[in-house]
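**Student:** Next come the chains, spelled out residue by residue.
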Amino acid sequence: MKTSRIFISALLTEAVGILVILVIWGGVSTFYPPYIIPSPVETLKGISSELPVGLSGHLAVTLYRILTGFLIAFLLGTFGGILSMLARADKPVNSLMVALQVVPGTILGVIFLLMFGIGSATPILLVAFLTLPTLAINTTNGISKRNTGTENYLHSIKASKWQIIRYSYLPALVPVIQSNLSLGISMAVKVVVLGEFIGSQDGLGYLLNRARIIFNMQEVFFYLLLLMAFSLAFQAIQSLVFTVSLKKFAYPEAR
Amino acid sequence: MTPDTIIKTFELSKTYQSHEVIHNLSFELKRGERIAFFAPSGAGKTTLIHILAGLEPATSGSLLVNETAPVVFFQEPRLFPYMTVEENIKLPWRIKKDSWTIQTQLHYQEWLRVCELNAWKNHYPYQLSGGMRQKAALIRGFLGNPALVLMDEPFQSIGQAAKTTIIEFIKRHYPNLAILMATHSLEEIPLLTDSVYYFVSNQLVTPSKLNSFDFQSLFSGLLNPAPVFVPSH
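Listed in order, the protein sequences are those of chains B and S.
To convert, count from 1 in the first sequence and add 1214; that's the working numbering.
To convert, count from 1 in the second sequence and add 973; that's the working numbering.
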C-alpha cells in the first residue's frame, strides 16, 4: 500500500472517533442555548470570524510543552521499564510507579509552580511526572509478555546478553512503544492543559482557562477541538510510521 | 567414561516444588549413537531435554555434556515471527558471527528441496503451516553440521511421507551425528534411532537400552497402541 494511502486510512480511522464526538456534541447542543453548549458549526463559525489574538503562538507553546514533557516521560518510562526488567527490579519499580500515579495532578502542579514559578517548567514537568508511571508500567508489562520460547532458543545457541535483548526484548517492545505513544500523548494533552491552567500565562490551557472564566463557551469548545485535532494527527502519524516500517513486528506468533 | 561419551548422567533428578519429574536417571550417549527416550506425555521428556541443553538445572545427580554446542529441537519450532524463513534459518550464523559459505548455501538449497520449502523461504512463519514451520526449524538446526542434537518431538506436525524423506536425508548426510530424541510416537523410533529407553511416569522402566526395532514390535504386540497418524498441514 502506498504511504499516502496508509496515512489517509489511519487518519480516517482516527477521524471516526472525532466524528462520533461531534455527533454527540451536536446532539447535546440542541438541548442547550449556544452560550452554554454551542454546536460544532456555531463554534467554528464564531471563531473563524474572530480568531483569538496570538493563537498560533499559544498553540506552538502548548505543542512544545506537550512534546517535551511527553519525550521526557517516554524516554524515562520506556528505558526505565527495560532497565528494571533487565535488573529484575520490575516489581519494586512498578510499586513506585503505582505510588506516583496516585499523586493528584493539581497538588503536584501547585508544588511545581512554587518551585519553578510561572512558565513552561510547570506544565512540562507535570506532563512528564503524570505520564511517566503509565508508560513505565506499560513497558514492564509488555516486556514480561515477550516470547520466552524464542528466548530459550537464543540461550540454546549461546546468544550473548546483547543478542537476547536485540532479538527478544526489542521486538517485544515495538507494540509497547506504539501503545506508549498512543496512550502517552493523549494523557500529555490533558495534563498540559492542567499545567497551563495552574502555572502559565500562555498556551492553549491558559486561553482555555481565560475563556472559561468569562464563560466564552465558543472559545472553550474551539480549543478543545484543536487539542483533539492534534491528538488525531499525532495518532495518524504514529500509525503510519508503525505500519510502514515496523509492521513485521506485529505479525502473529506461530507456535 | 570413555572419550567417545558425549552425554553421561548419573542419578539425575528434577523436582518442581514437591513433584519429582525425573527420578535418578543414569544413562550414557556415545558419539554417533542415536537413541530415543520413549515416554508418554508428561513423563519429563521436555524437562530432560532442557536440562541437557543447559536451559534449566537438575535438582540432584551429575551430568556431563561433552559438546559445546548441542543443537536443540524444541516441541514447537520457535521461529521468530518477524523474520522470514530464510532469516530464521540464517540466524545462528548471525549470532555466532560465522560466514555463510558456498558449501553452506549448497547444503541449504538441498535442505530446502528435501523439505519442499524453496517457494516459502521468503515468507513469514505465520504464513506457513505447522509442518512447514517445523521443517524450517529442522533446517536451521541441522545446517550447522552439529555433533549432537537433542530432539523433543521434532516431527509431530510433519506428514508421514515428508517425515520419512527427511529422516532418510538426516541418516544419509549426518552418519556420525549423536541424537537423543524424546518421543511418544512409536513409529519414529526405528526410523531414526538404533536403541531406546522406555519410561513410565518419571521412572526409567528399561534399565538398559533396547534395540529400536525389537522395542517397536514388542511394544506394538503388548499394548497394540492406536496407529500414530500425524496430519500434514
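Some clues are possibly wrong.
[As the list claims (entries may be wrong)] Pairs of lysine-lysine, BS3-like flavour, derived with a Cα cap of 30 angstroms:
#	chain 1	residue 1	chain 2	residue 2
1	B	Lys-1462	S	Lys-1144
2	B	Lys-1375	S	Lys-1144
3	S	Lys-1144	B	Lys-1359
4	S	Lys-1144	S	Lys-1094
5	S	Lys-1063	S	Lys-1094
Rather than coming from a laboratory, the hints here were simulated on the basis of the structure.
**Student:** Take the hints in turn and mark each one as holding or not.
**Tutor:** Structure-based check of all given hints:
no. : hint                        : in the structure
1   : Lys-1462(B) <-> Lys-1144(S) : violated, 36 angstroms
2   : Lys-1375(B) <-> Lys-1144(S) : violated, 35 angstroms
3   : Lys-1144(S) <-> Lys-1359(B) : violated, 39 angstroms
4   : Lys-1144(S) <-> Lys-1094(S) : holds, 24 angstroms
5   : Lys-1063(S) <-> Lys-1094(S) : holds, 11 angstroms
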